[in-house]
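Visitor: Sequence:
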Amino acid sequence: MMKDWKKLPAYRAEPRIDSLVGFYLPDFAWEYLNDKIIGIIPELPLRLATLDEKKTGDKSYKVDFYLLGESGEHYLVEFKTDSSSRRDKQDEYLEQAKAKGMKAIIEGIIRIAGISAFTHKYEHLVDKLKALGLVDYLKQYCHSNDHLKIVYVQPGLNNDKKNGDHIIIFNWISDWLKKNYPDEVFEKELAETLAEWAE
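Each step along the sequence shown adds one to the number in this note's numbering, with nothing skipped, and position 49 is 49.
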């Protein structure tokens, strides 16, 4: 069904498939990155004024997923159902985040949490950061690694948009699903859908 709907002009597949990707992401990212994923947070807020000192206020850009590897590596993951939907501004935010480092990103989140009207949601996010060993009871960054990497999950390589530490293409995920779930109908159909969307 989604294979057909994606062909419609106003249908946006990304918001509908990200929960599926999130379910499998830790496992296929583990194999692709050769780093066991021990933590995942969807829609991690990146405070814009942290990324760019010229900006003010506490608005944020949401990166699709944050992953923590067993190695201690931090990964920011952006998922796209069309390589053409990658935008220069979006890429710029991620590159700025990489340059600032994870400590600055977390400090930006703690700042937003202190003033946000969505108190319970940010409390839950901070609790998750604590559980992953990223912040202490004083909400101070306490992880040993500040470096982070960018991962794009997208249909194809798109020669004009090769920046990013890692690009996981749909055909690779499709093959991974077929290999790991050879007898499962749902995973087979998802693999076929991703292969059809591949560029």
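Errors might be hidden in some of the hints.
Stated by the list, open to error - In silico PhoX-like pairs for lysine-lysine, Cα to Cα no more than 20 angstroms straight-line:
no.: 1; residue 1: K55; residue 2: K89
no.: 2; residue 1: K54; residue 2: K80
no.: 3; residue 1: K149; residue 2: K103
no.: 4; residue 1: K139; residue 2: K128
no.: 5; residue 1: K55; residue 2: K121
no.: 6; residue 1: K103; residue 2: K80
no.: 7; residue 1: K89; residue 2: K59
no.: 8; residue 1: K59; residue 2: K100
no.: 9; residue 1: K59; residue 2: K121
no.: 10; residue 1: K55; residue 2: K98
no.: 11; residue 1: K98; residue 2: K179
no.: 12; residue 1: K121; residue 2: K36
no.: 13; residue 1: K121; residue 2: K62
no.: 14; residue 1: K36; residue 2: K62
no.: 15; residue 1: K36; residue 2: K179
no.: 16; residue 1: K54; residue 2: K121
Bear in mind the hints are in silico, worked out from the structure with no lab data behind them.
Visitor: Run every hint past the structure and note whether it holds.
Guide: Each hint tested on the structure:
1. K55 / K89: holds (14 angstroms)
2. K54 / K80: Measuring from Cα to Cα gives roughly 28 angstroms; hence the hint is violated.
3. K149 / K103: Holds. K149 to K103 sits at ~14 angstroms (cutoff 20 angstroms).
4. K139 / K128: holds (12 angstroms)
5. K55 / K121: The given pair, whose Cα atoms are some 24 angstroms apart, is violated under the 20 angstroms limit.
6. K103 / K80: violated (26 angstroms)
7. K89 / K59: holds (15 angstroms)
8. K59 / K100: Holds. K59 to K100 sits at ~17 angstroms (cutoff 20 angstroms).
9. K59 / K121: holds (16 angstroms)
10. K55 / K98: holds (17 angstroms)
11. K98 / K179: violated (33 angstroms)
12. K121 / K36: violated (27 angstroms)
13. K121 / K62: It holds: about 14 angstroms lies between the C-alpha atoms, which stays within 20 angstroms.
14. K36 / K62: Not satisfied, since the Cα-Cα distance of roughly 24 angstroms exceeds 20 angstroms.
15. K36 / K179: holds (18 angstroms)
16. K54 / K121: Since the Cα atoms of K54 and K121 sit roughly 28 angstroms apart, the hinted pair is violated (cutoff 20 angstroms).
In the structure shown, a violation is registered for the earlier hints numbered 2, 5, 6, 11, 12, 14, 16, in ascending order.
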